[in-house]
Amino acid sequence: MAPLSWRHHTLIQSLLSRGPLKEDDFLSIFSQLTVKNSGLRQQQERKLFNEFLRKINAELSFVQLELRACRNQYDGHVYYGIVNNVEDDQSKLGTKYTVPQIAFYRGIVEAIIHDAQGEGCIFNTAALYIRLETQVHGATDSQSQGGASQIPPAFKNFSMSQKEKTLDQLVNDQWLCSMPEGKIGIGVRSFLDLRSWFRTNEVPACEVCNEAAIKAQLCPNEACNVRLHSYCLQKKFSGQRVERVCSGCGTQLQGSTVKEELREEISNANGSSQRRAESSRKRRRRPHPEASAGIDTTGDDSPPMSKPKRATRSSARLSAGE
Amino acid sequence: MSYAPEIASQFDIPDLEKDKLVGEVIRYILFKTEQNSGCPIRREELTQLVTAKGYKQRNFPSFVIDEAKSKLSSIFGYEMRELQRSRPSAAANTGRASQSQQSVGDAKSYIIISKLPSDVYGKFVEDKSSVHMSGLTFVVIGIIHLAGGKITEENLWHHLKRLGLHENEENHPKFSNTKQALETLVQQRYLQKEKVNGPEGNIVHYELAERALDAPIYDKIKEYVSQLTFLMISVLHYFLTDGAERCNAIGI
Numbered sequence: 001m002a003p004l005s006w007r008h009h010t011l012i013q014s015l016l017s018r019g020p021l022k023e024d025d026f027l028s029i030f031s032q033l034t035v036k037n038s039g040l041r042q043q044q045e046r047k048l049f050n051e052f053l054r055k056i057n058a059e060l061s062f063v064q065l066e067l068r069a070c071r072n073q074y075d076g077h078v079y080y081g082i083v084n085n086v087e088d089d090q091s092k093l094g095t096k097y098t099v100p101q102i103a104f105y106r107g108i109v110e111a112i113i114h115d116a117q118g119e120g121c122i123f124n125t126a127a128l129y130i131r132l133e134t135q136v137h138g139a140t141d142s143q144s145q146g147g148a149s150q151i152p153p154a155f156k157n158f159s160m161s162q163k164e165k166t167l168d169q170l171v172n173d174q175w176l177c178s179m180p181e182g183k184i185g186i187g188v189r190s191f192l193d194l195r196s197w198f199r200t201n202e203v204p205a206c207e208v209c210n211e212a213a214i215k216a217q218l219c220p221n222e223a224c225n226v227r228l229h230s231y232c233l234q235k236k237f238s239g240q241r242v243e244r245v246c247s248g249c250g251t252q253l254q255g256s257t258v259k260e261e262l263r264e265e266i267s268n269a270n271g272s273s274q275r276r277a278e279s280s281r282k283r284r285r286r287p288h289p290e291a292s293a294g295i296d297t298t299g300d301d302s303p304p305m306s307k308p309k310r311a312t313r314s315s316a317r318l319s320a321g322e
Numbered sequence: 001m002s003y004a005p006e007i008a009s010q011f012d013i014p015d016l017e018k019d020k021l022v023g024e025v026i027r028y029i030l031f032k033t034e035q036n037s038g039c040p041i042r043r044e045e046l047t048q049l050v051t052a053k054g055y056k057q058r059n060f061p062s063f064v065i066d067e068a069k070s071k072l073s074s075i076f077g078y079e080m081r082e083l084q085r086s087r088p089s090a091a092a093n094t095g096r097a098s099q100s101q102q103s104v105g106d107a108k109s110y111i112i113i114s115k116l117p118s119d120v121y122g123k124f125v126e127d128k129s130s131v132h133m134s135g136l137t138f139v140v141i142g143i144i145h146l147a148g149g150k151i152t153e154e155n156l157w158h159h160l161k162r163l164g165l166h167e168n169e170e171n172h173p174k175f176s177n178t179k180q181a182l183e184t185l186v187q188q189r190y191l192q193k194e195k196v197n198g199p200e201g202n203i204v205h206y207e208l209a210e211r212a213l214d215a216p217i218y219d220k221i222k223e224y225v226s227q228l229t230f231l232m233i234s235v236l237h238y239f240l241t242d243g244a245e246r247c248n249a250i251g252i
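Residue numbers (this note's numbering), protein chains in the order written: chain A, 1 to 322; chain B, 1 to 252.
Zero decoy hints are in this set.
With a straight-line Cα cutoff of 30 Å, these simulated DSSO-like cross-link-like pairs (lysine-lysine) come out:
| id | chain 1 | residue 1 | chain 2 | residue 2 |
| --- | --- | --- | --- | --- |
| 1 | B | Lys-53 | A | Lys-96 |
| 2 | A | Lys-165 | B | Lys-174 |
| 3 | B | Lys-179 | A | Lys-165 |
| 4 | A | Lys-92 | B | Lys-53 |
| 5 | B | Lys-174 | A | Lys-92 |
| 6 | B | Lys-115 | A | Lys-55 |
| 7 | B | Lys-174 | A | Lys-22 |
| 8 | A | Lys-55 | B | Lys-128 |
| 9 | B | Lys-20 | A | Lys-55 |
| 10 | B | Lys-123 | A | Lys-22 |
| 11 | B | Lys-193 | A | Lys-96 |
| 12 | B | Lys-115 | A | Lys-92 |
| 13 | B | Lys-195 | A | Lys-96 |
| 14 | A | Lys-92 | B | Lys-18 |
| 15 | A | Lys-55 | B | Lys-123 |
| 16 | B | Lys-174 | A | Lys-183 |
| 17 | B | Lys-32 | A | Lys-165 |
| 18 | A | Lys-47 | B | Lys-123 |
| 19 | A | Lys-92 | B | Lys-128 |
| 20 | A | Lys-96 | B | Lys-108 |
| 21 | A | Lys-96 | B | Lys-32 |
| 22 | A | Lys-55 | B | Lys-18 |
| 23 | B | Lys-115 | A | Lys-47 |
| 24 | B | Lys-20 | A | Lys-96 |
| 25 | B | Lys-128 | A | Lys-22 |
Keep in mind the hints are simulated off the structure, nothing from the lab.
All chains should be built: construct the whole structure from the sequences, respecting the hints.
Structural data, given as structure tokens:
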């Protein structure tokens, strides 16, 4: 294959140096680099862009890295970043965070994904009270020297001020994000890096895009587990003369589109919006389109997820083909 | 990856295995650079990655490192620059030279530098949030260069103070702990520190280290410093030629 040019190198280096970039910014860099092609229509430019990415990833696979995109679930924006696909001795080096800091981060991520309301965030005061000891059980297999009951002193002595500093650092580095009203959410880097970890750990997925539904709209029917990202919801029901109803149980979903009135008319004409009994809770199994072997790059083994708070959670779920 | 047959045949190791090792060396370099903020990586760390796997063939570690260098260039556009670790001049002078010559073979270290043209780098790659460190690096190297390549700690901070950086400041808006910022330059091997026993007790000296003395960087520093010196002389000349009038104009 023809080697990568300085243009490809620029795209790679910009992501490595500046961290994850918003789609607009990344595309803007691309446009400026390929300025001789500026006469192209948007579709053709997009095709060229995809070709660039394909070529970059073919080369990056030599070192188990990947240039990938993900969506920031809080605002729906797409971000591009370079992620590590394999956890090995080398990647465990690649962090400036100490072991207790990483345990603290993982504790926060787990607390956020367990949010039963699908808000995808927790109060930063709650984050500060997360105990590192809960992370020890997950790291027993290959990492710790002693038994599962041995909690490293560094974990016990991790002070409140250290937690505050770590929290600031994590937000600064985009592993977490700062949200209004003093809340903390998952940062863009985490969305990129932990994609496969979310799957392995059975984080409920969005019905439309099959990605982890961390910040998502839940079906109003408490017995139903269906979740949808708000941007997926908009996309699914915009411009269609279909009822805005849950695909799992048929309950009407909240919406604020122009078609609101039309929807109401249709559902009134049908007579009832509840079509299925509460007994059908099992999710349909769908094959996972990509078999990504990506693992958490923060350095520790993935812990088994503790039981989620929502009582109605079903056992069978969409799973990654691993 | 296809290796040149005459080279690869020296080692009776399948290409796939060689690829894996080269990949691991590259990953080590990338992740270590991230972890230690660009401090040079010693060659012995890289050779160890190979020998620790049990490969005993002579020259095989060198082969793997060379291939890693080539791939870092072709995939990422990074140059793997080799630096020769410099010894503090004081140590060499006081007869500790024999000790410093002991491990000359291991004195090589590597940093990765972008090969992109500087305008492209500045526009698309440079991380604007870390520009202050580049500024500090240039200023400190410039000061030490002007001082003849070596300066006492006290003197260095005297000059930095005039630029607004205080030794004991811990909450600087850009650098937080300014002393730590200077220490980073030592870890990155732009500077080296040496404690010298003087009549008044221990004095700490700073000298330029291998990264600052590396030809392309050192030449640029000399060029910029001489340009600034020229500029200063031109300004002085400007005021000396029509002295009084021009001084009055600016209120001196």
